[in-house]
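Residue numbers (my numbering), protein chains in the order written: chain A, 1 to 115; chain B, 1 to 112.
Just so you know, these hints were derived from the structure itself, not from any lab. Because the structure is a prediction, the values reported are computed rather than measured. For glycine and all other residues, C-beta sits at the position ideal for the given N, C-alpha and C. Hints may contain errors.
[Unchecked claim] Chain A regions said to be covered by chain B (calculated; three or more residues, Cβ under 8 angstroms):
1) 43-53
2) 104-111
[Unchecked claim] With a straight-line Cα cutoff of 27 angstroms, these simulated DSSO-like cross-link-like pairs (lysine-lysine) come out:
3) B:K99 with A:K41
4) A:K41 with B:K69
5) A:K38 with B:K42
6) A:K19 with B:K42
7) B:K57 with B:K69
8) A:K36 with B:K42
9) A:K53 with A:K22
10) A:K53 with A:K40
11) A:K9 with B:K99
12) B:K79 with A:K41
13) B:K42 with A:K18
14) A:K9 with B:K42
15) A:K22 with A:K40
16) A:K22 with B:K99
17) A:K40 with B:K69
18) B:K59 with A:K41
19) B:K99 with A:K38
20) A:K40 with B:K99
21) A:K38 with A:K22
22) A:K38 with A:K9
23) A:K38 with A:K18
24) A:K41 with B:K68
25) A:K40 with B:K63
26) B:K68 with B:K42
27) A:K36 with A:K9
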Amino acid sequence: DTEVTQTPKHLVMGMTNKKSLKCEQHMGHRAMYWYKQKAKKPPELMFVYSYEKLSINESVPSRFSPECPNSSLLNLHLHALQPEDSALYLCASSPSGGGAGNTIYFGEGSWLTVV
Amino acid sequence: EDQVTQSPEALRLQEGESSSLNCSYTVSGLRGLFWYRQDPGKGPEFLFTLYSAGEEKEKERLKATLTKKESFLHITAPKPEDSATYLCAVQHGGTGFQKLVFGTGTRLLVSP
Numbered sequence: 001d002t003e004v005t006q007t008p009k010h011l012v013m014g015m016t017n018k019k020s021l022k023c024e025q026h027m028g029h030r031a032m033y034w035y036k037q038k039a040k041k042p043p044e045l046m047f048v049y050s051y052e053k054l055s056i057n058e059s060v061p062s063r064f065s066p067e068c069p070n071s072s073l074l075n076l077h078l079h080a081l082q083p084e085d086s087a088l089y090l091c092a093s094s095p096s097g098g099g100a101g102n103t104i105y106f107g108e109g110s111w112l113t114v115v
Numbered sequence: 001e002d003q004v005t006q007s008p009e010a011l012r013l014q015e016g017e018s019s020s021l022n023c024s025y026t027v028s029g030l031r032g033l034f035w036y037r038q039d040p041g042k043g044p045e046f047l048f049t050l051y052s053a054g055e056e057k058e059k060e061r062l063k064a065t066l067t068k069k070e071s072f073l074h075i076t077a078p079k080p081e082d083s084a085t086y087l088c089a090v091q092h093g094g095t096g097f098q099k100l101v102f103g104t105g106t107r108l109l110v111s112p
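So that you can see chain A by itself, here it is in the shape it has in the complex (with noise of 0.2 angstroms):
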């Protein structure tokens, strides 16, 4: 079983509504992910954290915003977004920001759809 738990596991909402998707582990991971992943596809990497600070984010808009409010901890807050933002949103972890061994453990994902 996964040990990166997300919340809620399915979530429709419509292009004017605001959520939050969460996130959490207890792996005592320093560094947490989001990815994007459409049907038959990779996931795509949205940000990264990295104790606590973000340190990446790949171009993502705006209406995608990422908050960590402590070490164990990922949310995604979404607003105005489009149709073409469904996908399954994909929280990860891993031990650190660098090094060998910084394997990344996903989370079951979050089933988002835009009406």
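Dock chain B against the given chain A, drawing on the hints supplied.
Relative to chain A, chain B alone:
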């Protein structure tokens, strides 16, 4: 340009019919090659990390190997529950340890 290519795209096997999946890569300064298994509608499940050419790792019916240009995931006597998409990903010197460059995956179907 960094590339990770997986083949075949899809593979159908009979239960017990062993085979191999391929992941070839052209990156500079490989720091790690990762295999994941992904079931439909779920997140990728970590299987193996390989760091250097010649390295091998095993887990139940799966064995991963690494050369300087490619990795193989060998599946011995597969069972229907091995059906999934298998993803290969690399970390390399150009992108650091926080970025994974993924291949497009191999969809494996094992029939009873």
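Cross-check of the supplied hints:
Under a criterion of three residues with beta carbons nearer than 8 angstroms to beta carbons of chain B, the stated coverage of the segment 43-53 of chain A is upheld, 4 such residues being counted. Counting residues of the segment 104-111 of chain A whose CB falls under 8 angstroms from any CB of chain B gives 7; the rule of at least 3 is met. Simply put, K99 (chain B) and K41 (chain A) have alpha-carbon atoms about 17 angstroms apart, close enough for the 27 angstroms limit, and the pair holds. Only pairs whose Cα atoms come within 27 angstroms are accepted, and K41 (chain A) paired with K69 (chain B) is accepted, the gap being roughly 23 angstroms.
Restraint check for K38 (chain A) and K42 (chain B): satisfied, since their Cα atoms lie roughly 12 angstroms apart, inside the 27 angstroms limit. Straight-line distance between C-alpha atoms of K19 (chain A) and K42 (chain B) comes to about 21 angstroms, which keeps the hinted pair within the 27 angstroms bound. Distance check on the hinted pair: K57 (chain B) and K69 (chain B) sit about 17 angstroms apart at the alpha-carbon level, within 27 angstroms; holds. For the hint pairing K36 (chain A) with K42 (chain B), the CA-to-CA distance comes to about 12 angstroms; that is within 27 angstroms, so the pair holds.
Under the criterion of a C-alpha separation no larger than 27 angstroms, the hint pairing K53 (chain A) with K22 (chain A) is consistent with the structure, at around 17 angstroms. For the hint linking K53 (chain A) to K40 (chain A), the alpha-carbon distance of about 31 angstroms lies beyond 27 angstroms, and the restraint is violated. At roughly 25 angstroms between alpha-carbon atoms, K9 (chain A) and K99 (chain B) fall within 27 angstroms of each other, so this suggested pair holds. About 25 angstroms separates the Cα atoms of K79 (chain B) and K41 (chain A), which keeps this hinted pair within 27 angstroms; it holds.
A distance of roughly 24 angstroms separates the Cα atoms of K42 (chain B) and K18 (chain A); the hinted pair therefore holds under the 27 angstroms criterion. Among the hinted pairs, K9 (chain A) with K42 (chain B) is consistent with the structure: their alpha-carbon atoms are about 10 angstroms apart, no more than 27 angstroms. In summary, the hint linking K22 (chain A) to K40 (chain A) is supported, as the alpha carbons are separated by about 24 angstroms, within the 27 angstroms threshold. With a CA separation close to 21 angstroms, the supplied pair K22 (chain A) and K99 (chain B) stays within the 27 angstroms bound.
Between K40 (chain A) and K69 (chain B) the alpha-carbon distance is near 25 angstroms, which keeps this suggested pair within the 27 angstroms criterion. Taking the CA atoms of K59 (chain B) and K41 (chain A), the gap is near 26 angstroms; set against the 27 angstroms cutoff, the hint holds. With a CA separation close to 18 angstroms, the supplied pair K99 (chain B) and K38 (chain A) stays within the 27 angstroms bound. Between the alpha carbons of K40 (chain A) and K99 (chain B) the distance comes to roughly 20 angstroms, so the proposed pair stays at or under 27 angstroms and holds.
As the CA atoms of K38 (chain A) and K22 (chain A) are separated by approximately 19 angstroms, the hinted pair is consistent with the 27 angstroms bound. Only pairs whose Cα atoms come within 27 angstroms are accepted, and K38 (chain A) paired with K9 (chain A) is accepted, the gap being roughly 16 angstroms. At most 27 angstroms may separate the alpha-carbon atoms for a hinted pair to count; K38 (chain A) and K18 (chain A) meet this at roughly 21 angstroms. Distance check on the hinted pair: K41 (chain A) and K68 (chain B) sit about 26 angstroms apart at the alpha-carbon level, within 27 angstroms; holds.
With a C-alpha separation of about 24 angstroms, the suggested pair K40 (chain A) and K63 (chain B) falls inside the 27 angstroms cut-off, and the hint holds. Using a Cα cut-off of 27 angstroms, the hinted pair K68 (chain B) and K42 (chain B) is violated, with the two alpha carbons roughly 31 angstroms apart. Between K36 (chain A) and K9 (chain A) the CA atoms are separated by roughly 14 angstroms; this keeps the pair inside 27 angstroms, and the hint holds.
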